[in-house]
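Protein chains in written order, with the working numbering: chain A, 195 to 525; chain B, 1046 to 1557; chain C, 3 to 362.
Be a bit skeptical, because a hint or two may be false.
[Said to hold, decoys possible] Lysine-lysine pairs mimicking BS3-like chemistry, simulated, CA-CA at most 27 angstroms apart:
(1) C/K230 - B/K1424
(2) B/K1160 - A/K453
(3) C/K187 - A/K484
Hints are computed from structural coordinates only; laboratory data are not their basis.
Letter by letter, the chains look like this.
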Amino acid sequence: MTGFLSFIPRAVGQGIPLLFGCTGEIITEKSGNLNLGIPGVMYVGAISGVIGSFFYENSVGDGSMNGFLAIMIPVLCSLLGSFLMGILYCFLTVTLRANQNVTGLAMTTFGVGFGNFFGGSLIRLSNLDVPTIALSKTSAYFSATLPFAKKLGWFGEIFLSYGFLAYTGVIIAVATAVFLKKSRAGLHLRAVGESPATADAMGINVTAYKYNATVTGCMIAGLGGLYYVMDYASGVWSNDAFGDRGWLAIALVIFTIWKADIGILASFLFGGLYILYLYIPTGMEHMELKELYKMIPYVVTSIVLIVTSMRNRREDQPPASLGLNYFREER
Amino acid sequence: MTDSNAAVSMRNITKNFGKGGYANDHVSLDIYKGEILSLLGENGSGKTTLMNMLSGIYYPDSGEIYIGSKQVSINSPKDAYDLGIGMVHQHFKLVDVLSAAENIVLGLSGKLDMKNARETIQKICDRYGFDVDLDKKIYNMSVSEKQTVEIVKVLYRGADILILDEPTAVLTPQETKKLFEVMRNMKDDGKALVIITHKLDEVMEISDRVAILRRGEFIGTLITKNTDPQEMTDMMVGHRVELNIERPEPLDPKPRLKISGLNITNEEGLQKIRDVDLSINSGEILGIAGISGCGQKELLEAIAGLQKVDSGSIIYIDDDGTEKELVGMDPVKIKNLGVSLSFVPEDRLGMGLVGNMDLSDNMMLRSFREGSGVFTDRKEPHKRAEKIVKQLHVDTPGIETPVRRLSGGNIQKILVGRELYQRPKVLMTAYVVRGLDINSSYTIYDLIVFQKLAGTAVIFVGEDLDVLLQISDRVAVLCDGHINGVLDGRKATKSEVGLLMTSLKEGTRDGE
Amino acid sequence: MENKQRTPLFHLAKREELSKGRKLVIRLISIVAALLLCAVITALATGINPLQVYGSIISGAFGSARKTWITLQDLSILLLISVALTPAFTMRFWNIGGEGQVLMGGLATAACMILLENKVPSVLIMLISFVAAVAAGALWGLIPAVCKALWNTNETLMTLMMNYIATQLVSFFIIIWEVPKGSGKIGIINQNTHDGWLVQLFGSKYMLAITVSILVTVFMYVYLNYSKHGYEIRVVGQSINTAKYVGINTGKVIIRTMLLSGALCGLAGLLLVGSINHTITTTIAGGQGFTAVMVSWMAKFNPFTMVPCALLIVFMERGAGEIATNFSLNPSFADIMTGIILFFIIGCEFFINYRIKIKK
C-alpha cells in the first residue's frame, strides 16, 4: 500500500508535463496544424524559465527572494520563449505555407539544441563540478503545497501534494475541453481544422485562428517543460534530462482522440507507465531488465495507436485538414 | 455611370489567373431586387469567377463594385456578408462533422446561444418552406439536404442578395421544382437572386433576366420572356452549334456482361447496391440515370474489380461464348483473364490520372507492367501520349507537362484517350463531360459513339438527362441502389426517368 | 458597425513553375542569408569577427586531411540514411523512424561481433553481420508498414515509438554486454582480434562507408526513376485511389518499400558499428534519422540533390562543432546553427511556389 501511495503522486508528477504538452497540441491540431516541434518547444519553455530564474536567483544573492517574483519571472520567461517558438512555427507554416512535418522536426532540432546550449552555458557560468544547474530556492516556491496537505494522510498525498503548476495544468485541460465544446471561438476553431475553406467562406479569419491556436498551444506546452524543471526535478536542469516527453505528449493526443478532458487521466496513466520500471522488482543481478521495462510507455502507445486505427470511427478521426496548409486561391 | 436602382453594380471587372486568357475581361453587370437573374455561359466562361468576386473569394485585378450607389471593396467572404451578399457554392462549404445548426451559425460573433439560434433558423425555414433537421450531422445528409442547409445559412446571415452556383446540377427534377418554389418565395420577399447555370430550360423557367458570358467576356443581357433557347445558345457559344448526338442502331448486339443478384455494402456499412440484375450488350450504349450517390460509383467499381461485393455475380461473356466471373477479381486479374475493360472514373485527377505526373507518365498507369524485367518502358507511353495529343487535339505545352496544369477538357481527353487506346470490349464512363465546354463535350460523345460502332459495350453514367436520352440505346434508372427500370432510350421521356429516379416502384422493397 | 473600405496592400498568388535556374538562385540566396545570420549570432556569442567565424567553420570541416575525411565520412552516413528514407517519403509514408532502424542495424552488428568472436572466421562474421543488420533494420521498418497497410495506423507516431523501443533494446543489451561490469558501456568490441571489423577499402578506413553510400545513392536514383517498383511507389504517393484504380496493391507496395527503407537504414547501422565506431551506444545514430528527414525533403526526394544538401548540414555541424570547441561553447551550438539554416531553407520554398502581387 505504501508503494502504491508513493506511486500515485509520482505518476501524476510525471504525467503533468505530458498533460501540458498534450493539451497544447490538441488546441494546435484542432486548427489543422500538426506541430511536431512540441518537443523542442517544451525544451525552450523549460530553459527560458531556467534562464530567468537563474539570473533572478543570482541577482538576489544570499538575500531572501520575493515569492511573487520568484514565480512570475520564470513563468513569464517560459511563456515568452514558447510564444516565440509558436510564432516561428506559424510564420513558416501558416504565412509561408511550409511543410508542417519538416518545420516541426527542424523546430525540435533547434529547440532541443537551444535548451542544451543555454543549459550548458549556464552550467559553465555557475562554475560547479556537476553538469547541472540547481535552482532549489526557486523550486521551493514552485513545489510548495498547501500547508495542511501533509496532515491529511493518503488523501493529501494523492490529491494535494503537488505545486500550483500541476493544478494549473488540470484547469487548463478542463478549460480547453469546455472551450472547444461550448464556445463560439471553439466552434470556429474546430471548423478551421476540419475545413479551412469552409471556415474562410463563413468569414472566419483562418490565419488568425491558426496563429492563436498554435501559439497558445505552444505556450501551454512550454509550461510543461517549466513544471518539469522547477517542480518535478526540484529545480535541477541537466542537459537532455527532459528526454522524449514531448513526443509522448504528441502521441497522447491520438490516444485521447483530441479530447482535452480525457487527456488528464491519460497523462497520469502514461506518467505511471513512464516510471513503472522503478516499481517492478528486478534484483541487483538483473538491472538490464529495467531497461526493458522503460519500454512500456512506448509499447503501450504503439498498441494504442494500432487499436484506435483499427476501430476507425467517424467521430474519432483527426481534424480533416491536419497537416495541410491553407491557401484561399488554390484552384 | 451606375444604375441607382440596382442592388449591385459591377463595372469593368477584370480577373486574370495567369493561365492564358482572362477569366473575366471588363465585365459589367447589374443585379436588381425582387428579380431572379440567370448568369448563363459555358463551363469556363467565367461565371463562377465573376460571382466569387462578389462573395469575397477572389479579389478583382481591376474594376469597381457598387452596392446601391456606394463603391465597395470586398476582400473576404465576411465583407460580402456585411454587405448582404451570400453565395451558395457548387461545392458546398459545410463542415462534415458539425450539425446543420452549428454550420448555420458558423462564423458569426457574439456568445454562442444555440437555443436562440435554432428558434431564428426555424422561423426562416417556416417562412420560405425549407425542411431541415437541425441536429443532423452533415455527413449523414443527402445532397439536397446539404443544399438546403447552405441556403438557410446564407439567409440566416440576413443576405438579401443571393447567388446560387449551379444549384440544380445535383438535384432530381422533383427536387429542382421544390428549389424553384423556394426561390420564387424569396424573390417575392424582395431578395435579389442570381442563378449560375448552363441549362437553358432552367433559365426559361425560373429567371426574369438572363446575362450571358462567353470566354470571360460579357455578351449581353436579355429579358427572359422575350428570348428563346436558340438565341441564348448562339450568344453563349458564339456560333450556331448543332445540339445533336448521333445515335446509330447497335450492330449485332450480343450479351457481353451479365450482372445478377448483385449486392454491395460500402466501407461505411451502407448498402449501396441492392439485388441488381442487369445485362449489357456489345455495340450498345447503356445509360445509367440516378441522383448522385445512389450506387453508380459502386456499380462501376464493382465491375472494374475495385469494389468488394457482398453477393451476386458479374459474368463477362467473350466473343466465343465463354463466360468469365469478374467478382472477386482485382484489375490486374481481370486483365490477365483476357478481359479488356476501360473505365473513365468520375474523379479524373484523384483516380483516373495523377495530376503531378506528366502526360507520358500518366499513359504508363496502364502500361507500366508491360514487358519483362524490372525496368519500365518509357518510350512506348511517350509515343502513345504524342498520338493522343495529336488525334484528340489536346492543347498542351508538351508531353512533359504535369496534367493538372491542363484545362478540364484537355485532362479529360487524355484520360478518355488513354482508356480507349486499349481497344476495350467494355467501356465504362462516369460523368464524362462534367465541367467541359461544349466543343470538348461533343468530341468525347463522338469518341464514345465511335467505340459503340466498333462493338464495345458502353456503360454511360450521366447526370444530364437530355444527353443521357440522346446517346443511350437503353437507360437503366438507379434509385437507392436498386434498378428501378430499364427504358428504351429512343422512347423514354425525361419525366419518366425523373420519376423512376426518385420513387421506388411498388413492391420492390417487399421482403426487406 | 465599421465599414471597411480598405484595399489590401498585397495579395498572394500561386506561381507557375519556375525555371530550374531561378529556383536554385532563390535557394542559394536563402542559404547565404542563413549563413549571414549564423555568423552574426556566432560573433555575438564568441566575440570574434564574423569573417573569422567562416574561417573557423571551414577549417573545422576541411582544415586538415583527417578533418576532411571525417567530414566525408559523416556526409556518407547522413546521405545513406537520407537516401534510405526517401522511397518511403516518395510514397508519402512519413518514416521518422530512421533513428530506430539504424540502431537496430547497429545492434544486430554488435551482437554478431560479440557473440561470434573467435568462433567463426572474421569474414564470415562480416557476412552474418551484414545479413543480420539488414534484416533487423528491415524488421523495424516492416512493423509500422504492416500496421499502415492493414489499419492505416499513423506511421509518423508509430515509427517514432519504434525509435524509443529500439533505444531501450540497445540499453538492455549494453548492460548485458558491458565491459567492465557496472560501467554501462561496451567499449571497443573485439579490440584485440578485430573480428568482424569490416574491411577497409582502398587502404582507407573511411572509404568503405563512402563507397557504400555512393552506390546506394546511384541505386536509389535508378530504382525510383526507372524501375516498375519505383513507378508504383510514385503512384501510391500521389494518389492511393489512382493506385487502386490501376490495380496496384497499395498494402504490398507500402510493405515492400518500408522493408527496403528499413534495410538500408540497417546498412547504415552496420557501417556505424562495424566500420566506423566498433562499439555501440544508444546515441550512435546521433539524431541523424531526424536530420535525414529534412535532408531528403530539402532535396525534393532526389537522391543526387541530397549530396549537396547533406554536405551543407554536415559542413555546418562540423564547423559549428569546431567553433564550440575553440571557444568552449556547448556542442549543442551546432544544432542551433542547423536549425537556423533549416528554417531559412524551409521558408524560401514560399518564394518558389508563390508570388506576391503588390497593389498599386
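Exercise. For which of the previously enumerated hints does the structure constitute a violation, in increasing order of number?
Worked result: none
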